[in-house]
Amino acid sequence: DSGVTQTPKHLITATGQRVTLRCSPRSGDLSVYWYQQSLDQGLQFLIQYYNGEERAKGNILERFSAQQFPDLHSELNLSSLELGDSALYFCASSVGDPNPVGGYTFGSGTRLTVV
Amino acid sequence: GENVEQHPSTLSVQEGDSAVIKCTYSDSASNYFPWYKQELGKGPQLIIDIRSNVGEKKDQRIAVTLNKTAKHFSLHITETQPEDSAVYFCAAPPLNDYKLSFGAGTTVTVRA
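Note that the protein sequences, when read in sequence, are chains A and Z.
Oh and the first sequence: position 78 is 62 in my numbering, straight run, nothing missing.
Oh and the second sequence: position 16 is 117 in my numbering, straight run, nothing missing.
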């Protein structure tokens, strides 16, 4: 167990629907990062939060949004889902800001399948 | 932003042989270079990292080397074992940025 908890582990939904992915960071970590990993693709950065505030945005679609709550857990909302959104979504956390010294700790991911 | 290139994309080695994966980065200000291992069905796990003020770091059968002049760093796995079979990712953050840019990954297969 890495200490980063992601739920649900698997999600199957239809096109056009909306889903919410949840992440609880490792104890003591203030930064949360969301990454998308499509089949045979690398890790694409989506968005980062630090202590409740948005810090950085990557190639995140307008249909996607995220937030970090006062208890530091984060949620990634995906709406108007398309087949191409099927992927593994990883959450990672770190202590450091701005530089992720010590690296990230990743959760086990949520596998989203859009049918 | 940081651009990280990783080679090779796949690597097959005989058990007991060495494996080397190389990454190049674009931002000369980058100062932290981690390596992650991702096993099937799991999230990436940090296995070793190096700071820019160090040229080499070892941890048992794993080592990372850094050449700041050439802007590349490499992962070396010696005496490979079947449990080393996984996808390996290198990463680098630009200075004062909050995100890691990852390489495309290397699928390592250790043949028994």
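Just so you know, these hints were derived from the structure itself, not from any lab.
Please read all numbers here as calculations on a predicted model, not as lab measurements.
Honestly, I wouldn't trust all of these hints.
What the hints assert, rightly or not - So, partial list: chain A residues that the calculated Cβ filter (under 7 Å) puts toward chain Z: (1) -11; (2) -8; (3) 26; (4) 29; (5) 44; (6) 48; (7) 87; (8) 90; (9) 91; (10) 92; (11) 93.
For every residue, glycine included, the Cβ atom is placed at its ideal position computed from N, Cα and C.
Okay, the hints, checked on the actual structure:
1. Taking 7 Å as the C-beta contact cut-off toward chain Z, the hint placing residue -11 of chain A at the interface is violated, the least distance being around 11 Å.
2. About 15 Å separates the beta-carbon of residue -8 of chain A from the nearest beta-carbon of chain Z, more than 7 Å, and the hint is not met.
3. Annotation: interface hint on residue 26 of chain A holds; nearest CB of chain Z at approximately 4 Å, less than 7 Å.
4. With its C-beta approaching chain Z no nearer than about 5 Å, residue 29 of chain A sits inside the 7 Å limit, and its interface hint holds.
5. Interface restraint check for residue 44 of chain A: the shortest CB-CB distance to chain Z comes to about 11 Å, outside 7 Å, so the restraint is violated.
6. Given the 7 Å rule on beta carbons, the hint for residue 48 of chain A is violated: about 16 Å separates it from the nearest Cβ of chain Z.
7. Interface restraint check for residue 87 of chain A: the shortest CB-CB distance to chain Z comes to about 4 Å, inside 7 Å, so the restraint holds.
8. Taken as an interface hint, residue 90 of chain A checks out: its beta carbon lies about 4 Å from the nearest beta carbon of chain Z, inside 7 Å.
9. For the restraint placing residue 91 of chain A at the interface with chain Z, the shortest Cβ-Cβ distance is roughly 5 Å, inside the 7 Å limit, so the hint holds.
10. Of the supplied interface hints, the one on residue 92 of chain A holds, with its beta-carbon coming within about 5 Å of a beta-carbon of chain Z, less than 7 Å.
11. Hint status for residue 93 of chain A relative to chain Z: holds, with the closest Cβ pair at about 5 Å, below 7 Å.
Of the hints listed earlier, those the structure fails to meet are numbers 1, 2, 5, 6, in rising order.
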